[in-house]
Each structure stands twice: as C-alpha cells, then as structure tokens.
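Visitor: Please put together the full structure from these sequences, using the hints given.
Here the protein sequences come in this chain order: A and B. For the first sequence, my numbering gives the first residue as 1, with consecutive numbering after it. For the second sequence, my numbering gives the first residue as 1, with consecutive numbering after it.
By construction, these hints were calculated from the structure, which means they are not laboratory data. Small disclaimer: the values here were computed from a predicted structure and weren't measured. Be aware that a few hints might be false.
Copies of the same chain are indistinguishable here, so a pair counts whether it falls within one copy or spans any two.
[Said to hold, decoys possible] Derived lysine-lysine pairs resembling DSBU-like cross-links, with alpha carbons at most 35 Å apart:
no. : residue 1 : residue 2
1   : LYS612    : LYS625
2   : LYS612    : LYS81
3   : LYS342    : LYS226
4   : LYS284    : LYS113
5   : LYS625    : LYS58
6   : LYS177    : LYS505
7   : LYS113    : LYS378
8   : LYS366    : LYS58
9   : LYS91     : LYS163
10  : LYS398    : LYS284
11  : LYS560    : LYS482
12  : LYS482    : LYS91
13  : LYS91     : LYS284
14  : LYS163    : LYS494
15  : LYS81     : LYS343
16  : LYS326    : LYS226
17  : LYS482    : LYS612
18  : LYS284    : LYS226
19  : LYS343    : LYS498
20  : LYS343    : LYS612
21  : LYS398    : LYS498
22  : LYS175    : LYS91
23  : LYS58     : LYS482
24  : LYS226    : LYS612
25  : LYS482    : LYS366
26  : LYS522    : LYS494
Here is how the chains run, residue by residue.
2 protein chains.
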Amino acid sequence: MFSRSTLLLQQLTRKNAHRNISFKQLNEIKPILTRNLAWFSGQSAKQTFGGRLKRRLKNLLIVTVVGVGTFYSYRGYRRYKWYSEMSDSDKTIGTKPRIVVLGTGWGAVPLLKHLDTQKYEVICVSPRNYFLMTPLLPSVSVGTVETRTVIESIRSLVGPRVKFVEATCINVDPKAKTITCNNNGEQNVSRGDDVKTIVAPPSRESGASSRIIKDSARTRPQFDMKYDILVVAVGSENNTFNTPGVEEHAHFLKELLDARRIRSAISDAFESAMTPTQTIAERKRLLHFVVVGGGPTGVEFAAELADLVREDLQHYFPRLVSSDVKITLIEALDHVLSMMDKKISDYTERHFRRENIDVLMNTFVKEVKQREVIIQLKGSEERISIPCSVVVWATGIKARPLTNRIREIIGSTIQTNRMGLLTDRYLRVKGVEDGSIFALGDCATIAQPKLVDQIQLLFEEADTQHRGSLDLNQFQTLVEKKVTEFPQLEIFSKSIEKAFAEADKEKSGYVTLTALRAILEKADQKIRALPATAQVASQEGRYVAHLLNQVTDIQSTDFKQQNLKPFQYKHMGALAYVGGDSAVLDFTGSKPVFDLFNLQPLSGRSAAYLWKSFYFTEMFTGRTKTLLAFDWVRTHIFGRDISRY
Amino acid sequence: MFSRSTLLLQQLTRKNAHRNISFKQLNEIKPILTRNLAWFSGQSAKQTFGGRLKRRLKNLLIVTVVGVGTFYSYRGYRRYKWYSEMSDSDKTIGTKPRIVVLGTGWGAVPLLKHLDTQKYEVICVSPRNYFLMTPLLPSVSVGTVETRTVIESIRSLVGPRVKFVEATCINVDPKAKTITCNNNGEQNVSRGDDVKTIVAPPSRESGASSRIIKDSARTRPQFDMKYDILVVAVGSENNTFNTPGVEEHAHFLKELLDARRIRSAISDAFESAMTPTQTIAERKRLLHFVVVGGGPTGVEFAAELADLVREDLQHYFPRLVSSDVKITLIEALDHVLSMMDKKISDYTERHFRRENIDVLMNTFVKEVKQREVIIQLKGSEERISIPCSVVVWATGIKARPLTNRIREIIGSTIQTNRMGLLTDRYLRVKGVEDGSIFALGDCATIAQPKLVDQIQLLFEEADTQHRGSLDLNQFQTLVEKKVTEFPQLEIFSKSIEKAFAEADKEKSGYVTLTALRAILEKADQKIRALPATAQVASQEGRYVAHLLNQVTDIQSTDFKQQNLKPFQYKHMGALAYVGGDSAVLDFTGSKPVFDLFNLQPLSGRSAAYLWKSFYFTEMFTGRTKTLLAFDWVRTHIFGRDISRY
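Guide: Next up, the structure:
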C-alpha cells in the first residue's frame with residue numbers, strides 16, 4: 001500500500017521538479033494521499049466492525065454518486081439529442097419524400113421506429129395519441145395491471161423526428177395523393193372522449209362533480225395533407241355479426257376505456273348485490289358474468305376475472321363469492337382457443353372447470369338484452385335466456401369505416417375482400433397504380449393467387465417440350481420457379497418425388513394437366529390468410545420500414561428488379577394466460593428456432609412464467625417495463641383495488 | 001468453531017445413547033454439521049473472494065427466505081384475523097346499538113377506524129366506495145401521481161367489522177330513527193358513473209369502443225335502515241355562487257373523475273393546438289388555462305400545471321410552450337392564500353411570477369362561456385373577455401342536498417346556517433331532541449353562542465351581591481366559569497386585569513352592564529367558524545369516535561354529567577405546494593407543539609420536502625404509501641405520461 005503511494009509521490013516530485021514545490025510540501029500531502037488510496041483499495045483499513053462499516057458506507061456513497069451522476073448525464077444527453085434531432089428534422093422539411101402513416105397500433109409503431117428519417121419525412125396521423133399494449137387489456141380490466149402501464153405516448157415512443165398529428169383520417173385521394181382529416185361537419189368522438197361530448201344525465205345535482213363539461217379544449221379543423229407514400233395501419237373494430245343488442249348492452253375489449261368500464265361494472269355489480277332488500281334471483285343475476293368468444297381475448301378475460309374473484313373479491317365479499325358468483329364462457333365452435341393445438345384447448349377446458357368457469361361449447365348468442373343473453377345450442381331450435389349482468393363480447397373483428405372507404409374508392413372489383421384491403425406480397429394495396437399506398441396489420445390481407453386459376457399458363461410454361469405432360473424434372477423446375485409467387489407450393493418442396501408419384505398414379509413418369517390440377521388444388525387448400533394478431537402486424541410494420549429504407553427509386557413499382565424480397569411471416573408461437581398462475585403456449589408452426597428444439601405445447605405454471613417474461617421483454621420502453629414489474633409485485637402483495645370510479 | 005460442533009455432537013450422542021446410533025455414524029455427520037455451523041457463523045470460512053461471495057450469497061438467501069416467510073405468515077395471519085372478525089361481527093348483529101355513518105371522506109374514515117366495534121354495530125353508507133386523498137387531486141390532474149394512488153377502498157380501510165353499503169342517502173327521519181337510501185324513481189348518478197348512465201353521442205360509429213353501454217350491473221332498490229346513532233359526514237359540493245356558465249363549462253376539482261377529466265382536457269388542448277391549419281389566435285386560446293380561486297386548491301393546481309408544462313410538455317411541444325402557453329389565476333381578494341400568513345401570500349405571488357403564472361387579484365368572474373371567461377376588476381364596471389380553454393373552478397363550497405334536507409326536516413328556525421348543519425360543542429345536531437344525530441366535517445358548523453345575546457343572564461349570575469356592577473374578582477369568576485361554554489372568553493384569560501382595566505375606564509374598580517357589553521362584544525368578534533379543511537374533519541371524526549366509545553349511557557343527552565369534554569380543535573398549521581419543488585407552510589395559530597419552537601412560515605425547497613413527507617405519513621395504508629413513493633420516483637425519472645384516454 002505504502003509503496004504505491006510512495007511511487008505516486010515520486011512521480012509527482014519528478015513532474016513538479018521544474019515547479020517550486022519542495023519535497024517537504026509533498027511530504028505533508030503524503031499521509032492524506034495514503035489514507036485516500038487506502039479507502040479505495042480497502043486494504044490498509046483495519047478489519048474492525050466500525051472500519052468495515054465506514055468503508056462500506058464510503059463505497060455506497062461512491063456508487064450512489066457515480067450512479068446518480070451517470071443517470072443525470074444520460075438524461076441530459078438524451079434531452080440534448082432530442083432537441084437537436086427535432087431542429088434537424090425541421091430544417092429538412094419539404095426536401096425529402098413524405099411518408100404518412102395512419103395508426104398508432106402494433107403495425108404502425110414498429111414501422112415508425114424503423115423508418116429511416118434521414119431519407120423520409122415521416123408523419124403519423126391517428127385519433128389515439130398513444131400505443132396500447134392490447135394483449136394486456138384483460139389484465140387491465142380487472143386491475144392486475146394499471147391503465148397507464150399498458151400505454152406509451154406515441155411522441156415519446158417514436159422520438160422527435162417523426163411528426164405526430166392527432167386527427168381522424170376520413171378520406172384518401174390516391175390520384176391527388178392527399179388525405180383528408182377531421183370531419184368539420186360532425187365532431188368525431190375519439191376514444192376516451194365520450195366522457196365529455198355527451199349530454200348531461202337527466203337527474204344531475206347542481207354543483208356535483210359527476211356532470212359533463214361542454215368541451216372547449218377540443219377544436220379540430222378539417223385539413224388536407226399531401227403524401228408521397230401512405231401506409232394504412234388503422235386496425236379493425238369489433239364485429240357484432242349483426243347480433244341484436246350487442247352494440248347497446250355488451251362490453252367490447254379493444255380499447256383502454258373498455259377495460260376501465262368493465263372494471264367499474266364488475267365492482268358495481270358486487271356493490272349492487274350487497275344492497276339490502278336485493279332478491280336472491282337478482283343477486284345471482286348481478287353476479288353472473290358472461291364472456292362471448294373463446295379466442296385468446298375471451299379466455300384471458302375469463303381467466304383474469306376468475307383470478308380477481310378468487311384472490312380479492314372473495315376476501316371482501318366471502319358470502320357472495322361462495323354462493324352467487326358465476327362466470328360463463330360461450331363459444332360457437334366445439335373448442336376454446338381453436339386456433340391453437342388440440343392439447344391446449346383440452347388443457348384450458350379442464351383448467352377452467354377447476355377454476356369454476358362454465359364453458360358452453362357449440363353455443364350461439366342470438367341476442368343480448370340489458371339483463372340477459374339469449375343463446376341457442378347447435379342443432380337446436382330452442383332459445384334459452386341466461387340472466388346476467390356484465391357481458392363481454394370478444395368474438396371477432398371487421399373493417400373500419402376508413403378501410404371500407406378506401407376499398408370503395410379503389411373499386412370493389414379489385415378490392416374483393418370485405419375483411420380489409422387486399423395487398424400484393426410487398427404489402428402494396430392492390431388497385432393503386434403507382435404503388436404509393438401500403439396497408440398492414442388487421443386492416444390488410446395479402447392476396448394469395450390460386451395456382452388453379454393460372455394452371456393453363458403454368459402448365460404451358462413448364463411444358464418446355466410441348467408434349468402435353470410434365471416429367472419429374474419439369475415439375476421440380478415449376479415448383480422451384482414459382483414458390484416465391486405461390487408460397488403454397490412450399491408443401492411440395494420437401495418431398496418433390498412423393499408429390500410427383502402421387503399425381504402420377506399410373507407410374508408413367510409423366511403428369512397430365514388434369515393430374516397436375518388435382519395436386520395443385522391440394523396446395524391451394526393450404527392458402528390461409530394471416531391471423532389478425534399483434535405478431536403479424538408488427539412483423540409487417542418492420543418489413544415495410546426496411547422495404548422503404550432499401551428502395552432506391554420510389555417511383556418505380558417493380559420491386560423485384562430492385563432486388564427486394566416480398567413479405568414472409570415467421571410464426572413465433574401463440575400464448576394465452578388461463579388464470580390461476582397458469583398459461584398455455586403453442587409453438588406449432590413456428591420456425592425455425594423453436595422447431596429445432598421440437599418444443600411441445602406448454603401449459604401450467606412454467607408457461608405462466610414464460611408468458612410474463614414475454615410481455616416483460618415485449619413492452620416497448622423502460623418506463624412501461626418498470627411499471628409492469630411494479631404492478632405485478634403490487635398486485636401480489638396488496639391485491640387488486642376494488643374502488644369504483 | 002470446532003469445539004461448538006463437538007459439543008453439539010456430544011449432546012446428540014448422549015441423547016441418542018439409548019438408541020442404536022453408533023458413534024461412528026455420528027462421526028460421519030460431523031463434517032457436515034461443522035460446515036453448516038460455519039456457514040451461519042461465517043468464521044471458519046476463509047476470507048478469500050470466493051468464500052466471502054459464497055457467504056454473502058448464503059446470507060442473502062437466508063434473509064430472503066426469512067423475509068418472504070415472515071411476509072406470507074403475516075399475510076396469512078391477517079387473512080385469518082379478517083375472517084374471524086367478520087364472522088364475530090356477524091354473530092352479534094342486532095344485540096348492539098347501531099351507528100350509521102354517512103360518508104367515506106376525511107371525517108367518516110377516522111371515525112370508522114376508531115369506533116369501538118365491540119360496543120357498537122357500525123354501518124357505513126356512501127355512494128362512493130373509497131376514501132379519496134383530496135389534497136393530492138391537483139397532482140393527479142396533471143399526472144404527477146396516478147389515480148389509484150390517492151384512493152383506498154373503504155372495505156380494506158376499515159376492516160371487516162364495519163359493514164359498508166354503497167348507497168345514496170336521500171332522507172332522514174329523526175323521529176323514527178330511520179334513513180332512506182336510493183331513490184327508486186330516479187337512478188341517482190353516483191360519482192364515476194357518468195360514463196355509463198348517459199345516452200349515446202349522436203355520431204357514433206358502430207362497433208367503436210367509445211360508445212356507451214346501458215348499465216345492467218347497477219340495480220339499487222330503495223331501502224330503509226334503522227339507526228340508534230346517525231353520524232352525518234357527507235361533506236360539501238362546489239359553490240358556483242350562481243355565476244352563469246360555471247356548471248356547463250368549468251371543471252371542478254373535488255372528485256377523482258374531475259382530475260381525470262382535467263388531465264384529458266389539457267392533453268386535448270395541446271393536440272388541438274398541434275392540428276394543421278389552426279389559427280394563431282385559436283392556438284393561443286387553446287393553450288390558455290384559467291384557474292378561478294386563489295385558495296390552496298387553485299394555487300396547487302396552477303403550480304402543478306406549471307410543473308407539467310415546464311418539465312414535460314416543453315419537451316414534447318417546445319414551440320407551443322415557448323410562444324403560446326399561458327396560465328392565469330383569478331382571485332377575488334387582494335391576495336392568494338389569504339387564509340395563510342401575509343409573508344406566504346407574498347412569497348407565493350413572487351414565486352408564481354417566476355413560474356410564469358399570471359395572477360389577477362381583486363378580479364371577479366362574472367360568467368364562464370364555452371371558450372372564454374368574462375371578468376370584472378374590483379371597482380370597475382367594465383367586463384373583459386378572456387379567451388381560454390380549460391377553466392378550473394376552485395372557489396368555495398356549499399351544502400349538499402342531503403344536508404339541506406336534514407335542515408329542512410329539523411326546521412330552519414333552529415338550523416339557521418345555510419352552509420351546513422348547526423351542532424352543539426359535542427357535534428350533536430341542534431334540534432334533534434334525543435341527540436342521536438351527529439354531524440362533522442364540511443357539512444357541519446359548531447354553533448358558537450354570542451356572549452351579548454345572554455348578557456343579562458350572565459351579568460345577573462356574576463353580580464352575586466346584586467349591586468348592579470362587577471368587581472375584578474366577580475369578573476374573573478365569570479370568565480373562568482363560562483370559558484368552556486363561550487370559548488371566545490379565552491382572549492381574556494391571559495390578562496384578566498388588563499381587560500378589566502380597559503372596561504373600567506373610570507378606574508372605579510367596578511364595571512357596569514354597559515361596560516361589560518362593550519368588552520364582551522369584542523370577545524364575540526373573535527368567533528370564527530372552523531375552516532372547511534381535512535384537518536378539522538379528521539379531528540372531528542376522531543373526537544366523535546372517542547366520545548361514543550366513552551359514553552356510558554347513550555340515552556342520556558347530558559354529556560357534561562358523564563364527564564365528557566366538548567370538541568376542541570387543534571390547528572397543526574397549513575401547507576400548500578406552489579410548484580417548482582417549492583411549498584409553503586404556515587404554523588400561525590398552531591398549538592402547542594409548533595408554537596414552542598416558535599416556527600416561522602416556511603417556504604421554498606425545504607418546505608417542499610416537509611410537504612412531501614407530510615403526505616407520505618398521512619397516506620392511510622402501506623399500499624397507498626408504496627404507490628405514492630413509486631409515483632414520485634417514476635415522475636422524476638420518466639416524466640409524466642401525456643397519453644389521452
């Protein structure tokens with residue numbers, strides 16, 4: 001120890017030789033220096049308790065100072081970067097091609113994050129100024145996770161180089177390359193605004209806080225905006241399948257306010273049931289919760305609700321929970337989670353029985369009334385009324401009005417898909433000649449041409465010798481050449497001989513047009529639209545960003561020539577929370593990483609940890625990650641809050 | 001070390017001597033035992049880095065296991081206690097006198113927490129099933145603190161021995177000792193329910209999430225409830241002073257939904273201002289926020305808003321903030337925070353100038369329109385229009401309909417105070433003969449009899465010798481005897497000679513009736529109603545709880561005889577947050593602790609720490625404390641969220 005400080009002193013002496021510092025002065029510093037170095041190395045301090053404590057406190061102090069210092073410098077640097085980027089992007093406005101992105105959901109956000117803002121001016125237009133972590137909505141609707149945890153302001157998410165305008169796009173003009181936003185005639189109700197745009201209730205006390213304020217903070221003049229490239233990622237809305245009463249009496253679970261409203265309604269039902277003079281029948285009705293739709297949303301909501309009842313409401317309302325609470329899940333098909341592996345559906349159904357969730361399979365909801373749901377079993381004519389209070393409708397999606405408007409403008413002869421905008425495999429909307437409109441996520445469907453529609457052409461092209469039949473080589477060439485255009489040909493690529501042998505039943509070594517048609521029809525059956533999931537949308541968003549970043553000439557519509565690859569979906573598996581600290585995971589069809597490990601469908605507690613860690617890594621920012629972790633710990637320790645506001 | 005384990009082994013050997021365990025077997029255990037004991041003592045492990053790390057990890061593991069174990073046992077114990085208390089209180093229903101408490105605010109909660117549930121059956125009735133930490137509402141309205149942080153479910157707060165019924169009391173029958181709840185005719189809108197009971201907006205897209213659901217989870221039949229003692233703690237509502245337009249266009253800041261709505265409106269204003277084609281004048285109007293009322297609520301809201309603008313919105317909207325944002329505070333008196341020390345008002349006004357908050361003193365608001373506020377300066381006839389967007393009205397309070405209903409039933413000849421229920425000094429409502437109704441908090445005013453009204457009686461009683469005048473001794477006896485009944489006499493108690501000399505201008509040694517009247521009038525001027533603060537309400541709540549716990553005979557109305565003391569308010573000081581990490585504290589009039597230290601009004605950063613620590617200690621449960629601490633840290637690190645929903 002001392003040798004080190006002596007060495008240091010010698011160096012100092014040498015360095016300061018030309019100055020007027022005497023060795024004597026340095027000798028005075030020596031003990032101070034020694035002591036200080038001893039602190040850091042922690043060696044010369046005696047190993048007494050006091051000494052150790054002192055040393056540790058010093059270390060703690062140093063760590064704290066360094067940590068806090070680093071944090072503030074980092075924050076300062078980020079602020080500086082933010083402002084410089086903001087002014088940089090301001091300077092270049094008008095000099096770059098403009099990309100307008102409609103939407104702030106799962107498709108739009110990855111797109112906005114990955115677009116090269118050096119190359120493009122990027123503007124995002126959406127009526128919702130935040131990104132919503134939709135898969136956590138069931139958790140929000142019972143209070144496991146708080147509302148602000150699952151949202152992130154779009155401005156902080158995509159940074160200052162992307163301009164954001166909170167507006168509703170109502171029309172698109174593909175000729176003039178212009179969008180029109182905000183309808184002057186009617187003040188559109190954006191999500192979250194229902195509280196304010198609605199007239200006052202009839203029996204309002206004056207001076208009470210629960211009245212409605214006529215909105216003065218909201219003026220949205222109509223405006224037009226030019227674009228060079230438009231990306232439509234507006235998502236979908238809930239499909240009621242024209243079931244009467246759903247609009248008026250059922251809750252959806254698609255936006256944040258839905259979750260808030262459901263949480264309030266659940267609490268309301270319990271408080272109503274606790275009111276004196278309530279009849280038993282009415283109490284049972286009030287505490288009967290019905291979920292329509294056995295997809296991931298419906299299943300997860302039923303599971304979260306069962307958790308809420310068992311873990312928290314039982315504590316506060318033990319008698320109600322033990323005698324009157326009932327949760328029913330209604331599914332039209334013969335399995336819940338039918339898009340997942342059969343094993344998973346079975347597990348979920350067994351698990352739900354244990355959790356006291358009634359599952360009605362093969363059951364259709366014919367009508368939703370204010371205090372009942374009318375169901376009908378498959379193959380039966382009888383309609384049964386189920387008295388209930390909160391009904392959550394989670395069955396399916398349909399196109400938004402803007403999507404339909406764009407389809408209309410392009411023409412329904414080209415845009416034949418009622419579910420959304422048909423695109424080519426580069427996600428460009430079909431029927432837009434200059435290819436300047438892209439569509440992705442729930443509002444888009446990639447057109448997948450059928451092989452049989454073009455069989456004549458394909459056959460003639462493959463039949464190079466014009467003999468009216470193909471041999472194995474020609475068939476192989478056909479498959480290899482066309483697999484990018486017709487991805488359904490992939491099913492042959494693994495065992496081309498087997499496929500050929502199947503077609504060539506007479507073992508002649510040749511297949512005729514008729515035989516070819518038979519096996520190509522089989523391939524066509526494999527065509528399936530991509531599911532309307534967050535996973536698909538986010539991959540599409542990222543794909544379009546990289547595509548546009550790579551495009552050398554945005555005027556040219558021939559992407560093949562520019563060496564650009566079409567979109568290819570990589571399924572990473574599906575997962576759902578089923579309550580009681582259990583989740584299910586399905587890796588079927590995922591490739592290539594998970595297939596390597598040959599992962600089986602997972603269920604139970606270990607799957608729940610995977611489920612949690614997945615959402616934890618998926619959350620976009622440090623803020624939401626911190627909040628989510630805190631929420632989970634808070635729910636575990638303190639339970640869910642049952643206050644109703 | 002080894003000696004200890006050897007000792008242990010010897011003991012084991014002795015113990016097991018009668019069994020068939022040989023010493024050889026024990027010898028095999030010895031090294032294991034030694035190692036394990038060494039772990040715990042940490043002595044024999046070598047002080048290498050690996051050894052220390054290992055030891056520390058072990059220690060950490062032990063601490064974790066013990067900690068987690070303790071937590072779960074504690075939670076288990078609390079659950080067990082909860083259920084046993086619940087069933088205990090169920091068994092004794094009907095055998096104990098019933099106390100019905102109306103309200104879940106600052107008065108009701110301390111009362112409910114301190115009432116002896118062994119002695120009484122306690123039922124709480126309120127339309128709001130949670131306690132709201134009202135002083136933090138300004139923080140909630142800008143997002144510094146989240147909504148769920150400032151509320152705590154009443155059920156978890158007061159435990160299972162207090163029954164809670166979510167209902168609105170609409171009538172009281174003091175003769176039959178019955179309350180009536182829930183008006184069957186009209187479904188009363190409880191706080192937070194406006195989202196659901198209101199008709200749909202005109203231009204709703206079908207399938208959109210922002211529609212309104214007709215409520216099926218809410219049926220509240222009318223019911224009557226008997227009581228032995230009724231405590232009215234229903235609070236107050238906002239007073240508009242009949243200013244036109246306030247009801248329709250101004251926000252209040254009294255309930256949680258108000259705060260949520262204001263937060264949404266602020267964000268809306270900024271998004272509206274960012275819309276293209278917005279004129280400069282409209283932008284300036286949209287970003288002009290007006291706060292009416294310079295009391296603590298108004299001041300704190302203006303301060304929090306300035307914080308939000310400077311710390312977060314400036315980051316996202318730098319141009320708007322630097323050129324267009326304006327905050328105006330309007331106060332009718334010539335000072336803000338006029339109930340506090342003059343120094344504090346001055347400091348706040350100076351501080352607000354630094355924070356760019358315009359303060360208009362001596363200004364009256366004559367009307368609030370949708371997009372403007374009409375003001376008038378004191379002494380002027382001219383009306384000035386201020387274009388603005390969000391208007392927050394925080395001027396004063398008035399009685400709730402139920403309070404007025406009770407006053408009406410008792411009769412306005414006894415209940416002369418329009419602000420609330422007049423009570424005696426034991427907080428029993430005047431005019432209720434059996435003393436079975438108590439009132440406290442904002443809805444109650446303690447009647448303070450004037451000395452001059454009873455001067456004849458007082459004089460005759462004091463003039464024991466019937467000579468038509470009082471000497472110093474008689475005067476002193478009068479003051480001492482009557483000071484409990486007339487607290488305003490306290491001003492004489494310190495210097496009774498001086499007061500006497502003042503009255504006895506002729507130095508005759510006697511005071512006449514006229515002279516006495518003069519000085520008693522002076523004392524009467526000191527009568528002041530207690531302020532409508534959380535502090536008063538919570539002391540009153542605690543007082544009534546202790547009073548009722550001590551009462552030996554609830555039939556008897558003579559509390560003096562039972563040796564019960566009337567309510568005495570102890571002012572602990574006042575405090576307010578004024579933004580920019582500064583707060584003001586005023587200890588004037590507080591006694592006796594703070595007076596001892598002779599504390600001066602505090603302001604600035606140190607006061608802000610006191611402000612924070614005060615709220616931190618004041619939060620009722622571990623849950624809310626944890627959430628509050630987390631919210632403050634979160635806001636500091638990540639800033640406030642500007643998403644609007």
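Visitor: Need the list of violated hint numbers for this structure, in ascending order.
Guide: The structure breaks hints 3, 6, 7, 8, 12, 14, 15, 17, 21, 23, 24 and 25; every other hint is satisfied.
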